[in-house]
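These are the residues of each chain, in order.
Number of protein chains: 2
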Amino acid sequence: MSDMTEQFAIMVEQGIEFVRRMGLKVIEMKPRYIELKVQLEGNTNHIGTMYAGALFTLAEIPGGALFMTTFDVSSYYPIVKEMTLKFKRPVTTDATVKVAVTEEEVENINKEAAENGKAEFVLKGEIFDDSGQLVAESTGIYQLRKLGT
Amino acid sequence: MSDMTEQFAIMVEQGIEFVRRMGLKVIEMKPRYIELKVQLEGNTNHIGTMYAGALFTLAEIPGGALFMTTFDVSSYYPIVKEMTLKFKRPVTTDATVKVAVTEEEVENINKEAAENGKAEFVLKGEIFDDSGQLVAESTGIYQLRKLGT
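Protein chains in written order, with this note's numbering: chain A, 4 to 152; chain B, 4 to 152.
Be aware that one or more of the hints could be misleading.
Copies of the same chain look alike in the list, so a pair counts if it fits in one copy or across any two.
[To be verified] No farther apart than 27 Å at their CA atoms in a straight line, the calculated lysine-lysine pairs in the DSS-like style are these:
{"no.": "1", "residue 1": "Lys101", "residue 2": "Lys89"}
{"no.": "2", "residue 1": "Lys121", "residue 2": "Lys40"}
{"no.": "3", "residue 1": "Lys89", "residue 2": "Lys149"}
{"no.": "4", "residue 1": "Lys28", "residue 2": "Lys121"}
{"no.": "5", "residue 1": "Lys28", "residue 2": "Lys114"}
{"no.": "6", "residue 1": "Lys40", "residue 2": "Lys114"}
{"no.": "7", "residue 1": "Lys84", "residue 2": "Lys33"}
{"no.": "8", "residue 1": "Lys40", "residue 2": "Lys149"}
{"no.": "9", "residue 1": "Lys33", "residue 2": "Lys121"}
{"no.": "10", "residue 1": "Lys84", "residue 2": "Lys127"}
Quick caveat, the hints were computed from the structure, so don't treat them as lab data.
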């Protein structure tokens with residue numbers, strides 16, 4: 004990872020105490036692509052599979068991480084307006100989330116934000132277990148807002 | 004609280020390490036009604052308001068808590084299939100979630116579970132800050148399943 008990306012990774016892993024407590028790790032963090040991991044240990048529910056709140060957090064953090072690598076942090080800030088998680092099967096291993104956006108999506112968001120001072124956009128994430136099975140899907144509605152508004 | 008309710012409260016507050024770490028507290032826990040609280044301290048995001056993952060967990064736990072006080076735990080277990088959180092405004096204080104179901108809703112769920120061995124149901128929750136303002140809304144899709152299935 005470049006020095007800048009390492010700085011971003013430290014912010015993602017350490018910047019929020021709630022996230023630090025669950026031991027979230029950055030696997031890859033670059034423009035338009037985020038991959039994060041959370042360990043099963045310490046994040047289980049009462050039946051030993053991964054607790055829903057840990058999966059939610061794993062799915063929510065990529066929004067902010069993607070903002071840092073992909074958008075103009077000197078002009079905008081992101082907020083999360085709504086988040087849906089679909090739990091497809093119990094998670095019995097560590098879990099990895101992958102979130103990607105296309106160049107075209109980024110251009111459209113930037114264009115709308117420049118015109119209106121804000122832009123709403125949807126990020127979809129997929130969570131996999133260690134065998135590569137899809138275990139959960141997330142849909143987040145975010146808004147980019149001009150700093151100072 | 005009755006002895007039984009106290010036992011349930013301990014399970015809710017202590018049973019899942021992830022939940023224990025954020026310091027979730029039971030305010031009220033009785034048949035068809037759950038009220039839980041989480042402190043702001045230790046659960047903030049990078050700008051000092053309550054982190055989305057803490058609000059999600061606060062909204063998710065009532066499903067299991069309500070199951071314990073309201074349904075037949077000797078015959079069924081609950082799973083969460085999908086959960087949506089709408090973040091209406093930044094939370095700058097401790098937060099409280101309230102979830103209630105009617106007697107009629109419980110009867111319908113029990114009837115369907117007895118007939119089909121499972122029953123899907125929706126729980127809506129409201130999260131308030133310490134001034135009583137509605138700060139977030141949750142919609143959870145749960146399923147009651149016959150033990151052993």
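We went through each hint and held it up to the structure:
1. Taking the closest pair of Cα atoms, lysine 101 and lysine 89 come within 27 Å of each other both inside a single copy (15 Å) and across two copies (22 Å).
2. Taking CA atoms no more than 27 Å apart as the test, lysine 121 paired with lysine 40 passes in neither setting, with 30 Å inside one copy and 33 Å between copies.
3. For a Cα distance limit of 27 Å, the shortest separation of lysine 89 from lysine 149 across copies, 21 Å, qualifies, whereas the shortest one inside one copy, 31 Å, does not.
4. With identical chains, the CA atoms of lysine 28 and lysine 121 are never at most 27 Å apart, being 30 Å at best within one copy and 37 Å at best between copies.
5. Proximity of lysine 28 to lysine 114 under the C-alpha cut-off of 27 Å is found in neither arrangement, the shortest distances being 32 Å within a copy and 45 Å between copies.
6. Within a single copy, lysine 40 and lysine 114 get their C-alpha atoms no closer than 32 Å, and across copies no closer than 41 Å, so neither meets the 27 Å cut-off.
7. Taking identical chains as interchangeable, the C-alpha atoms of lysine 84 and lysine 33 lie at most 27 Å apart only when both belong to the same chain, with a minimum of 24 Å there against 31 Å between chains.
8. Taking CA atoms no more than 27 Å apart as the test, lysine 40 paired with lysine 149 passes in neither setting, with 30 Å inside one copy and 33 Å between copies.
9. For the homomeric pair lysine 33 and lysine 121, the shortest alpha-carbon distance inside one copy (23 Å) is at most 27 Å, but the shortest distance between copies (44 Å) is not.
10. For the homomeric pair lysine 84 and lysine 127, the shortest alpha-carbon distances inside one copy (14 Å) and between copies (17 Å) are both at most 27 Å.
This entry does not satisfy hints 2, 4, 5, 6, 8, going by the numbered hints stated previously.
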